[in-house]
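Sequences and hints are given; from them, build the entire structure.
Chains as they are written, first to last, in the working numbering: chain F, 194 to 429; chain B, 194 to 429; chain S, 194 to 429; chain C, 194 to 429; chain Y, 194 to 429; chain A, 194 to 429.
In case anyone wonders, no lab produced these hints; they're calculated from the structure.
Ideal Cβ positions, reconstructed from N, Cα and C, are used throughout, including at glycine.
Certain hints may be false.
As the list claims (entries may be wrong) - Some chain F residues well away from chain S (every beta-carbon gap over 12 angstroms; in silico): (1) His222; (2) Leu261; (3) Pro336; (4) Arg381.
Claimed, not checked - Pair by pair, the computed Cβ-Cβ distance ranges are: (5) A/Asp387 with S/Ala420: 49 to 57 angstroms; (6) A/Ser338 with S/Arg377: 13 to 21 angstroms; (7) S/Leu334 with Y/Tyr428: 32 to 40 angstroms; (8) S/Asn195 with A/Arg287: 50 to 58 angstroms; (9) S/Phe260 with A/Ala219: 54 to 62 angstroms; (10) B/Ala374 with A/Tyr428: 17 to 25 angstroms; (11) F/Arg381 with Y/Phe260: 47 to 55 angstroms; (12) F/Glu329 with B/Gly255: 38 to 46 angstroms; (13) B/Glu370 with C/Gly326: 23 to 31 angstroms.
Number of protein chains: 6
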Amino acid sequence: MNILAVGPHPDDVEFGCAPILIQEVAAGHAVQLLVCSKGEAASSGTPEERVEETRQAAQVIGAPVEFLDLGGDCRIEYNAPNRLLMTAQIRKFRPQVVLAPLAGEKWAGENQHPDHVAVGRLVRDAARLARYGGVEGIRDLPPHSIGHLYYYSITQPFQTGPPDVVIDVGPVEEKWEAAMACHRSQMRTRSYPDLVLARARTLGVSIGVEYAVGLWTNDPLRLRSLADIPLSSRYF
Amino acid sequence: MNILAVGPHPDDVEFGCAPILIQEVAAGHAVQLLVCSKGEAASSGTPEERVEETRQAAQVIGAPVEFLDLGGDCRIEYNAPNRLLMTAQIRKFRPQVVLAPLAGEKWAGENQHPDHVAVGRLVRDAARLARYGGVEGIRDLPPHSIGHLYYYSITQPFQTGPPDVVIDVGPVEEKWEAAMACHRSQMRTRSYPDLVLARARTLGVSIGVEYAVGLWTNDPLRLRSLADIPLSSRYF
Amino acid sequence: MNILAVGPHPDDVEFGCAPILIQEVAAGHAVQLLVCSKGEAASSGTPEERVEETRQAAQVIGAPVEFLDLGGDCRIEYNAPNRLLMTAQIRKFRPQVVLAPLAGEKWAGENQHPDHVAVGRLVRDAARLARYGGVEGIRDLPPHSIGHLYYYSITQPFQTGPPDVVIDVGPVEEKWEAAMACHRSQMRTRSYPDLVLARARTLGVSIGVEYAVGLWTNDPLRLRSLADIPLSSRYF
Amino acid sequence: MNILAVGPHPDDVEFGCAPILIQEVAAGHAVQLLVCSKGEAASSGTPEERVEETRQAAQVIGAPVEFLDLGGDCRIEYNAPNRLLMTAQIRKFRPQVVLAPLAGEKWAGENQHPDHVAVGRLVRDAARLARYGGVEGIRDLPPHSIGHLYYYSITQPFQTGPPDVVIDVGPVEEKWEAAMACHRSQMRTRSYPDLVLARARTLGVSIGVEYAVGLWTNDPLRLRSLADIPLSSRYF
Amino acid sequence: MNILAVGPHPDDVEFGCAPILIQEVAAGHAVQLLVCSKGEAASSGTPEERVEETRQAAQVIGAPVEFLDLGGDCRIEYNAPNRLLMTAQIRKFRPQVVLAPLAGEKWAGENQHPDHVAVGRLVRDAARLARYGGVEGIRDLPPHSIGHLYYYSITQPFQTGPPDVVIDVGPVEEKWEAAMACHRSQMRTRSYPDLVLARARTLGVSIGVEYAVGLWTNDPLRLRSLADIPLSSRYF
Amino acid sequence: MNILAVGPHPDDVEFGCAPILIQEVAAGHAVQLLVCSKGEAASSGTPEERVEETRQAAQVIGAPVEFLDLGGDCRIEYNAPNRLLMTAQIRKFRPQVVLAPLAGEKWAGENQHPDHVAVGRLVRDAARLARYGGVEGIRDLPPHSIGHLYYYSITQPFQTGPPDVVIDVGPVEEKWEAAMACHRSQMRTRSYPDLVLARARTLGVSIGVEYAVGLWTNDPLRLRSLADIPLSSRYF
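Rendered as structure tokens:
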């Protein structure tokens, strides 16, 4: 399985879905990280520092990372040119599974960083356009149909309704903390790890494990049989 | 895997989720049907005829069927006594997977037969109460925790938003028709099979197969890995 | 009655609302088709072929067709310049009724082709701006107030909640198929007619006719009396 | 056209949809009022006074009125026995159009008088059960299929989202006030007419008339042609 | 200020809103606890033990507690008799502020313990009926209008959308733990305090404090000036 | 308290939230008006006239007014450059409270003037970006964290669901009318004051006062104690 995880800023994948990625890498799946800015608008950390922090975090996760310029931190537009840039990335990495920031219409809404919303929507549309053969400007990259698009939640202060999918990440919680800790420059202001760990703890307790992370699906999950889902999330 | 499928009237399971059950039986899973009335309010068919039709349909599906009296067709209440009757059934059958009519809050709403809504809610609550040890009146049946509660759609005239889960049922479409055809008395008025087959055809075409049936989840699906879902529902 | 039907790509009006248009033409109403790209991003079919297919389909429908360039297939932006281009079209055709792709907030959501969403929103806004006298750049076209804005659904894989309005199109189903069949180049990949006919069959059976198409309203329907609606959609 | 308007308490139809009824009576349609309690829990007015006030208001509207006992004011249950009592009424009056309090799922929600919610739901379900031939206890009344179910809003403090249907009632506003004024006992405490007239004025101004009343549909409106809706609600 | 906090089972107020109550008691406000069952259906703990645990927890909170019999644990119905029993309680305690379990329509939905939903709805309706003078059976208690109805969340596994109101409860977190710990019998199975503390921690971090509890409003908050709300919940 | 009220066109603040501002000025708070176009697309009134009308209305309100060019009336884009222009304004005025047009996701939706939606979203995002230290192009203005973001409704024809906050504005209704009347050029076409006064009257009657205006919150309201909200909106 080939997984592409897209983050708007250098630390978003780490806060939102890193423990899932860590587990998939350990299971032998190929994970690629794609970061859409260098976090240049943050109160702390230079772009150079943040790129370096990202590379370290990617090593902890165990996945290669690339950067895509969509106009810069706090300036990412949801528009046609960016949609095509993202489409080209999907055709290049040819993933079966894509992870994008929870955006727009699936619960989280727009009341969050506008770059998160823009990237979530760009990835959703790009996953569609990637299979149309005639899209001008990217015809040299052969069309590609992804299998699954999942959304992850970054640092929304409040939960976003029940996730569609939940995964126990207790076994890799320490490695997750290590990946987040790579983003040293971001720890100077607000404590993002505190927030995401408290949230993962809440979701974990609710299903009877230590820590859990939720995902939201873009499409119905196609099962062969109900036996495809042996674990249960019913606990309380 | 042990599956309990609950229907308010004699033909609801057949219209709503029979092809999934047919496939699970073929895969070696144990399926139990539970019907909560004898359809005595229908314009056509005596209760005796309808019980007999149900038994024939159950044979086509390949599963035993039992009847539970909740007050009679068009008289099923969503109340505490019925909730406990249903809880007792869950403790008796001890299923890992429960299938109930789509009711109330997951899209379908209350704009449907009130018995459908009542049974959907009774099953949802009963699946919860079944694990509480002290519930009076059913203490002789040991508590039981189900693993999954899925909802199926019966004959809602309009679709109910995208399902959470979708299953290709093309391979058993003929057997499904045969199971529905057992309910001869109900074919005299409106053509329910036409409706549900047209709906299954629409959902099927949308994912690139002949016929498909959707389910709605009550709880997040707990995965071990994203690789648990190898098939994709993305087609158009 | 003067009807303007707007489609993002050459075949969208045909898939989404052609049978309604065919019936309105037969009833003596003036229908104008407006197509906002030449489908140049499709996997099959050159722009020239697709324009020709569109002209043939328009002849089957019995309505003239014009093309509007909004940036090209897969590149249509929801922005101010396009909003004014669309506003100019509405002032030019001066329709009482406008049909646009179901977009954004009325059920269908953004999980569809981004051009569909963009055109739906552009038409909605243009129908508003068309009556403001001072809008720069289009002052030579006198302001115009439309009477009704309806949305139609194109090829959303799943239904989109109950439509607000439903129309029996059984009598023109063959002509509808003929109109869709004009788009020969699009039949090479996925079978769109199969999808939209299965959907129209489902909606048709649900109201007791062979085929039906639904519309969603942008505004409350203003009636003179409840007797304005003599037909009923209640069947199951 | 045969219209049945159902109100939980003696003044609810008057506050909620009387002007529409006044206009339909004037247009020659048969209107029947059905009131489901005698308002015996009100702070002011005896049941006898309130019945008399209701009869006077019905005369102003120009329609006969009947009373149905569903357990008493503040005690109306949404349960199977009441559902059958209501079903019998629908079979008795055999209306093509039914008007019921806006309840439960169409915007208004449950945050209102529980009798309003209960009656809205009872009517919705009764309109369905009325066509099932075998419902025990009411078999002496032949089955009946209604054509339309509309909901009206009573005294919800806040509007309930845009109505699906809107009707200009300016021409009968004075007669409407007269009908409301019949409920003298209810004017001693809070000024309900002030509230509903302010609301009707807001809706009226919004469509460019003096006063308007909105309705919510239970089912899609089935049109023969888009020309069935000649008036427009677009004004601001 | 006079506060009435209503809980379905002996420990629900403790898990859901105890720290707010602890702070209001400390500020000199009068708090009354009302518990609607003795938790007799729980897997652990006799009714006698649970009553005793409740009394101890009430002492920690610093408020008197009473019990109301609504049919028993797992048997609480949302019906007219219970509605009147609850109305009588509101007339008896005459609170300005009422706290009830989050139920039905404000986010939390019905996918929780049915007693929680029933009590939430009963309190909502009772707060309305309490001001109607003529309600039979409780006329000896003079009518009462409450000022505010807030909902609290008990042990919903997932968060329920952003709360309308949020209160820093960090200063009383230890006392809150002590109140929960009084319910010794419930700690034998699942760890409810772990769940609610993780949730309060998540909400707390999100607003920049240690622990916070959210409430949902039944009605708009009426302010005199925007200066009534000096504190901000904006942090991340 | 420092309040910034942002309006897309010259009269929007006057129609939407002027009476609240009038009261806050009277209470000694500092109010700043920011208008994002000169209304140059209107059917009546030149830009010069409209600026003059705005200045007069601002004097009635008792607050200074500034203009911000975001591309012109009917051309305001929700994009990154405009987001930064708005962010700079927030850093310049450094308000504790910001009032913006109700947009997008909180009930009102997109079915309104596109400039209203764009400005509502721009302000929401700008209030977030204003605290990020590294945003390029506005680094000379020191970061600023606002305390509260409230949305006001302009001239939506229909109400937008219950507001989160409601304020009695009866005492300043005449001054409000005077402020609206300053926009003489806009009175030639549709009567906006009629609409907003009817709406304020409806909301007022609903809470037992003459006129009231509602606001919608972007974030949970953080209270110190439930006693922070002494007034009640419960009346009917």
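Going through the hints against the structure:
1. The Cβ of F/His222 sits about 26 angstroms from the closest Cβ of chain S, beyond the 12 angstroms cut-off, so the non-interface label holds.
2. The Cβ of F/Leu261 lies farther than 12 angstroms from every Cβ of chain S, with a closest approach of about 18 angstroms, so its non-interface assignment holds.
3. Distance check on F/Pro336: its Cβ comes as close as 7 angstroms (rounded) to a Cβ of chain S, failing to clear the 12 angstroms threshold; non-interface status is violated.
4. Distance to chain S confirms F/Arg381 as a non-interface residue, since its nearest Cβ pair spans about 36 angstroms, more than 12 angstroms.
5. Range check, A/Asp387 to S/Ala420: Cβ separation about 30 angstroms, and the 49 to 57 angstroms hint is violated.
6. For A/Ser338 and S/Arg377, the Cβ-Cβ distance of about 60 angstroms falls outside the hinted range of 13 to 21 angstroms, so the restraint is violated.
7. Checked against the hint of 32 to 40 angstroms, the pair S/Leu334 and Y/Tyr428 fails, with Cβ atoms roughly 50 angstroms apart.
8. The hinted window of 50 to 58 angstroms between S/Asn195 and A/Arg287 holds, with their beta carbons roughly 53 angstroms apart.
9. Judged by the Cβ atoms, the range 54 to 62 angstroms given for S/Phe260 and A/Ala219 holds: they are separated by roughly 58 angstroms.
10. Between B/Ala374 and A/Tyr428 the C-beta distance comes to about 59 angstroms, which lies outside the given range of 17 to 25 angstroms.
11. For the pair F/Arg381 and Y/Phe260, the supplied restraint of 47 to 55 angstroms holds, since their beta-carbon distance comes to about 52 angstroms.
12. Judged by the Cβ atoms, the range 38 to 46 angstroms given for F/Glu329 and B/Gly255 is violated: they are separated by roughly 54 angstroms.
13. The given range of 23 to 31 angstroms is respected by B/Glu370 and C/Gly326, whose C-beta atoms sit roughly 26 angstroms from each other.
Checked against the numbered hints above, the structure violates hints 3, 5, 6, 7, 10, 12; every other hint is satisfied.
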